[in-house]
Structures are given as C-alpha cells and as structure tokens.
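Undergrad: Sequential numbering of the sequence shown, starting at 526, is according to this note's numbering.
There is no bait here: all hints are sound.
Pair by pair, the computed Cβ-Cβ distance ranges are:
#1 Tyr843 - Thr742: 42 to 52 Å
#2 Ser764 - Asp571: 35 to 45 Å
#3 Ser708 - Thr622: 19 to 29 Å
#4 Ala582 - Thr742: 19 to 29 Å
#5 Ser709 - Asp571: 35 to 45 Å
#6 Gly717 - Phe810: 50 to 60 Å
#7 Thr718 - Asp571: 24 to 34 Å
#8 Asn621 - Thr682: 19 to 29 Å
#9 Gly841 - Asp571: 41 to 51 Å
#10 Ala582 - Thr754: 13 to 23 Å
Honestly, the hints are just simulated from the structure, not real lab data. Here the structure is a predicted model, which is why all the values come from computation and not from measurement. Every residue gets a Cβ at the ideal spot worked out from N, C-alpha and C, and that includes glycine.
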Amino acid sequence: MTRSLNSLVACVASVLFSAVFLVPRCEAQTFLLFGEQDTATHTAGDESVIYNYDSHADLVANLWNGYSETQVDWNSAYSTVGLAYDGVYRLMGEQNTGTGTAGDESYIFNYDTYADLLANNWSSYSATQIDWVSSYSTVGLAYDGVYRLMGEQDTATHTAGNESVIYTYNTYADLLANNWSSSSVTQIDWNGTYSTVGLDYDGAYRLMGEQDTGTGTAGNESYIYTYNTFADLLANNWSSNSPTQINWNSSYSTGGLVFVPALSGDGNGDGWVDGLDYLIWAAAFGTHPGVDGDISDGDYNDDGWVDGLDYLLWAGAYGNHSATAVPEPTTAVLTVAGVFVLAFRRRRA
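Model the full structure from these sequences, guided by the hints.
TA: So, in structure tokens, the structure goes:
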C-alpha cells in the first residue's frame, strides 16, 4: 500500500509540474519548410523563415500551423541548399558559384534544438570535402538512417540519367569527409522551368520541385513527388505527385524541406514525456484503436492496442524532451502570420 501511494504521489507531482512549468510547445510530428531570400544582401531576422506543417497533406495544402523568422545569415557568397534531421538539425550551405574547392565549397551547421536553429545558436559547424563540378549544385539533403545528398545540373537542358545524382553516406563523419558508400544517377527529369529544391524522408521519400522564376501561382509553382522506396526514387517511379498551394513571392525560394518525427511516448505532443502522457495511456488502457490509432491514443508503439508494451515504451522514454519544442507564438506574430505571403529563395538559372 505504501509503495502504491508513493507511486501515485510521484505521478501526481509529475503531472502538476508538467502542467505548471513546462510551457514549450511542439507538434507530435512536424514538416519544416525553410525559405530564403534570393539575394544575399539581407540580414539575420529577414533573410530566412521556417514554416511548420503538422502533416504532409497540410504541407501540400499550405495549411501551416506557425512560422518563425530565423537569425541565420549566410555571407553573400553562400546559400542554404539542404536541411536534415537525425536527432539534431543539419543546415547545409554552399557557394553560389561553382568555383569553390573541397573544404570551402560547402559547410554544415548543427543545432541541438529547433529553438537553437531559429536563433542560429549552432553547437558546431564543419567545412565539408564535397566538391561538385562547376555544372552541379546540391539541391537536397535527407536522412533515412543514412545520409542522402542530391546534386542537380544547374541548367535544365539535360535528360533523365544525367540531370541529377544522389550520393549515400553511412555516417555524418563520412558526409563531411565526402566518403560516400554509393552514388547513383537518377531518372528524374524536370522540364526546363522547374528544379529540385528539397528532398525529405518521413517513411517515404518526398521530392519537391519549384519553378525557377517567381512568377508561378498556388497550384503550379511547386510540386511534391512521393516515392515509396529509395530504389523508386532513383528510378523516378513515383507513387503520387501533388501540386502544392505554396506560393512564394518573387524574392524568396525554398532552401530545404525536412520531417521531424514524433517523440516516443509524448501522447499530448507538448514536447515532454511525463505524467500527462502516462494519464493518456492509463485512460486508454485496454482499448483497441486499431491501425488508424496513433500516439495521441496512448498506443505508443503503434501496434493497434493500448497495453503494457506501451507503458514500457513510455517508462523507458520518461523525462525525454523533444528537440522540436518551440516557444508559443505571440498574438502579434499570429496576427501577422494570418496575412503573411510566403516567400523563399531561388538560385538556379
């Protein structure tokens, strides 16, 4: 009885602590779209912005749940070319011209949390040994257990089989050293007015293409192609494609697309695994949400049942904090966001 009472007191204390003190917010999962001005004459706070989407469907429909300007500010010779997440955020920048050499052509900055990314509070950065020939540029960086770096020709006069290539790196150290384990040309072939601007993995591969000029409108300015496997991506064997409702103004373009997965055991999506998430599991214990259930139902291992296995997952993750936690937007920011026209960066001719 004493042990049970102590456990209950500890649980209640955790719940009260969480409810009162843990104010950061994050979504259970988040798609982040990074945009940047086309010219490099701007400064931290207006050079780049990140939009947040709860699902791939929301991304396609441009139904964002918030956005934040960043303090990222490349010098005029560099632009953002990729954003990946492997537990930390990896932001890749590359020289705008193809005259750089290994060691100064590209850099990757690392951020421990989403708040750090917004504040440009990097924990480390490294020059890479990647050195494209002058006719290629990086157009996407994704993490699916290994690192996938996609390069594309700067002109749109090429065809499937020579327009783009993907290099695979087994570790982050390999990526920095350009020690690739494999390279593959793809069968992707955009028409002459589109280029790749982002590569993402969320269980499927998402390839985003965008018009090279800023004159497009919602529904034809950008498309996202979905590929079920990496082999499908290389073969350009897409399972679906969707025009998006994203419509940047002419001075901005997409610089990166990344999926940040849910935090295991965080049933209420507040960025913490704590007593509140235990209560979600306890209230749903013994239920059968089925294949359509998810973490918010207390089915933390997503097997269709809320049972002891989910408790073990929650207990093992207890105290963890999501790297995606961000401060709540202010009312003023939300008001501005309601009328803000999305805008991002273009580099290719």
